[in-house]
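There are 2 protein chains.
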Amino acid sequence: MKLQFSLKQTDEKTKARLGEITFNGKVYETPMFMPVGTNATVKTLSPEEIKMTGSGIILANTYHLWLKPGEDVVEEAGGLHKFMNYDGPILTDSGGYQVFSLAKPKDITEEGVKFKNQFNGDALFLTPEKSIAIQQALGSDIMMSFDECVKWPSTHEYMEKSVERTLRWAKRGKMVKKDNDQLLFGIVQGGEYPDLREKCAKELVKMDFDGFSIGGTSVGETKELMYKMVEYSIKYLPDDKLRYLMGVGDPIDLIENVRRGVDIFDCVSPTRLARHGHAYTWQGKINLKNKQYKKDFTPVDPTCKCYTCQNYTKAYIKHLINADETFGARLLSIHNIYFLHTLMKNIRDNIKKGKLDEYRDEFIKNYYKGEKNE
Amino acid sequence: MKLQFSLKQTDEKTKARLGEITFNGKVYETPMFMPVGTNATVKTLSPEEIKMTGSGIILANTYHLWLKPGEDVVEEAGGLHKFMNYDGPILTDSGGYQVFSLAKPKDITEEGVKFKNQFNGDALFLTPEKSIAIQQALGSDIMMSFDECVKWPSTHEYMEKSVERTLRWAKRGKMVKKDNDQLLFGIVQGGEYPDLREKCAKELVKMDFDGFSIGGTSVGETKELMYKMVEYSIKYLPDDKLRYLMGVGDPIDLIENVRRGVDIFDCVSPTRLARHGHAYTWQGKINLKNKQYKKDFTPVDPTCKCYTCQNYTKAYIKHLINADETFGARLLSIHNIYFLHTLMKNIRDNIKKGKLDEYRDEFIKNYYKGEKNE
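Each protein sequence line maps, in turn, to chains A and B.
Taking the numbering used here, the leading residue of the first sequence gets 3, the next gets one more, and so forth.
Taking the numbering used here, the leading residue of the second sequence gets 3, the next gets one more, and so forth.
The hints are simulated quantities; they were obtained by calculation from the structure and are not laboratory data.
Be aware that a few hints might be false.
Claimed, not checked - The following label-pair restraints were derived from C-beta to C-beta distances:
{"#": "1", "chain 1": "B", "residue 1": "291", "chain 2": "A", "residue 2": "307", "range": "33 to 41 Å"}
{"#": "2", "chain 1": "A", "residue 1": "4", "chain 2": "B", "residue 2": "3", "range": "53 to 61 Å"}
{"#": "3", "chain 1": "B", "residue 1": "31", "chain 2": "A", "residue 2": "274", "range": "55 to 63 Å"}
{"#": "4", "chain 1": "B", "residue 1": "70", "chain 2": "A", "residue 2": "307", "range": "23 to 31 Å"}
{"#": "5", "chain 1": "A", "residue 1": "124", "chain 2": "B", "residue 2": "123", "range": "41 to 49 Å"}
{"#": "6", "chain 1": "A", "residue 1": "207", "chain 2": "B", "residue 2": "70", "range": "34 to 42 Å"}
{"#": "7", "chain 1": "B", "residue 1": "177", "chain 2": "A", "residue 2": "300", "range": "51 to 59 Å"}
As the list claims (entries may be wrong) - The list that follows gives simulated cross-link-like pairs (lysine to aspartate or glutamate, EDC-like), each with its CA atoms no further than 16 Å apart:
{"#": "8", "chain 1": "B", "residue 1": "179", "chain 2": "B", "residue 2": "200"}
{"#": "9", "chain 1": "B", "residue 1": "296", "chain 2": "A", "residue 2": "78"}
{"#": "10", "chain 1": "B", "residue 1": "293", "chain 2": "A", "residue 2": "74"}
{"#": "11", "chain 1": "B", "residue 1": "297", "chain 2": "A", "residue 2": "77"}
To be verified - Far from chain A, some chain B residues (derived; all Cβ distances over 12 Å):
{"#": "12", "residue": "42"}
{"#": "13", "residue": "47"}
{"#": "14", "residue": "225"}
{"#": "15", "residue": "362"}
{"#": "16", "residue": "365"}
Heads up, the beta-carbon is just placed ideally off N, CA and C, and yes, glycines get one too.
With the hints as extra help, turn the sequences into a complete structure.
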């Protein structure tokens, strides 16, 4: 079963797009937020809960699964879907981001990246071919090309060399990819440099990938610069293929990048925030560790229809978080993921109505008013 | 809604009993195992999952809830049932066990026990009256009298003084109990001394408690001595009231103590074992951290009908435990609690058939054969 994407509508005022992903007999609408399931589990959630929150595609991390339990285990289990009991679409990253952010020291050569296993210190070597081989063993529905994740800021000189290598790596990965149902995306890099974003995007489009990711944003730059990087990249991408902005999940960034033509997003933030006692509300993020919630017997968000808000109070969740009870992180993960899916639904509804900008303004007015609670 | 108990049948060969607990329109059969929800949450489980495993009564810990979030929070929430979203019966302990085991140093007087808050060092004082007041604020369905949990072994001299004080404390607690729907149990102490167990049981029966607990077992003594302590205590207890053996959950201990006339049991073991990667099977306990399960794509127990065994493999759960993913502990908690409830159901079925001893022998044959896996 191959994942299919079809573009349904492009907003006249903005560049926002409405689309449909078809997979395994089900249809999922884009723009979409994708929760992250690093170790073949969306932290604290069951597959039933992942679906209950409204999730479609979820992520799994190639780097983590390569090291634990090993891609051979997942492959022999029958692939990620069977291994983790999730029959929705699964996207894997290339492992590149983790190699560059978690594994130190590292040695980057034309061939690939040498680094040490963070768990046992073993020497490891990740190459474009190896990344594809692992992702094929994992059996995800969307794979990523192996790329260099460059720190921000970097010089134009370094970034140019890096983009050229990323393009050669993308080609090598594509060469070894089996002719199977897995999609393979190219990743547009190039930092803040418009000419490099253009070059990278155009070359990847020539290579005819199944979809395109925009990388190297959300690594320290300002929101305004992130939006520019997306603009520099996206204008060279074809209309009929998915556009994926990697690692972005802040509500306002979701709205702003949908406005620039992005279809799918992932971020660890809803589950990570949950583990730290933070919850999204339509009046801004709140921190349930704050004393003010000790006897607050109202839901996290009074208008929210999620399992958590329908059944539990802030006071109870605060207690669970304070007592280090994992059910607290679970309840907030359910709420936070549901919140982002609801936001995406509101975004889609307002694209349909041609009122995305009005929705953005209203969202900002309510959401940032409450930021003082945090 | 007051919890009701009725005795249905007593086994002719053993002293095993079949009974029914009625609560909130539902009927629960005894003998019963009760999972522990220390902080108003059965660790890693939702209320729906607690029920899905077949649970009836669950425990909550007075000591923990007194310190966090404070019984006033639970009371203002509308009591434990509303606070934690569980509409089944809830039993609270007296706080005594934790004061004597967790809080050190302590100072025991006739009035009560002085000790330090383990979280912030504050001086605290727990008395029989205070224990009842906290349990009434929590709104549990079955409360325990405040007792001294004496270390094993202790001298007859010390134990005699302790039993006499425990009896005075039981009386003081009963004196201040409101005339509400909460049941109050007396706790039979007396260590390994038959005369003290007899004295304690008889005095408590005179005081006409709603049910009786057997305490001071499972604090280091051998299984044989534990069974004797139960025998020394239980023969003085009336037929028509519940008998609760505190802190006992090992499968063979459940069978052996049902044979001696115990109705209800609690223990942290199914959830604690789960967090450490251990699972009950009908062929003995297994440790999923063991290498042999790395590529074992079969369920934890091939005959088990629980959610975990129906949907997940040993290899996946092993991976989750190894990766410190809480979903692993959740899956094993579901399985382990379901296993103990299934064991209790088998016990009840075999009491009905008059074949409890045969069942015990068969269980032991299968269960201890597999202990080598651990």
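Against the structure, the hints:
1. B/291 - A/307: 33 to 41 Å: Taking Cβ atoms as reference, residue 291 of chain B and residue 307 of chain A lie about 40 Å apart, which means the hint holds.
2. A/4 - B/3: 53 to 61 Å: holds, 56 Å
3. B/31 - A/274: 55 to 63 Å: violated, 44 Å
4. B/70 - A/307: 23 to 31 Å: Holds - the Cβ-Cβ distance for residue 70 of chain B and residue 307 of chain A, about 30 Å, lies within 23 to 31 Å.
5. A/124 - B/123: 41 to 49 Å: The hint (41 to 49 Å, Cβ to Cβ) holds, given that residue 124 of chain A and residue 123 of chain B are roughly 44 Å apart.
6. A/207 - B/70: 34 to 42 Å: Violated, at about 57 Å.
7. B/177 - A/300: 51 to 59 Å: Once the Cβ atoms are compared, 38 Å apart, the range 51 to 59 Å for residue 300 of chain A and residue 177 of chain B is violated.
8. B/179 - B/200: With a Cα-Cα distance of about 25 Å, the restraint between residue 179 of chain B and residue 200 of chain B is violated, given a limit of 16 Å.
9. B/296 - A/78: Holds, at about 11 Å.
10. B/293 - A/74: The hint holds at about 15 Å.
11. B/297 - A/77: holds, 10 Å
12. 42: violated, 7 Å
13. 47: Non-interface label on residue 47 of chain B violated, nearest chain A Cβ at 7 Å vs cutoff 12 Å.
14. 225: Consistent with the label, residue 225 of chain B stays out of reach of chain A, its closest Cβ about 32 Å off (over 12 Å).
15. 362: Fine: 35 Å to the nearest Cβ keeps residue 362 of chain B off the interface.
16. 365: holds, 31 Å
In this structure, the hints that do not hold are numbers 3, 6, 7, 8, 12, 13, in rising order.
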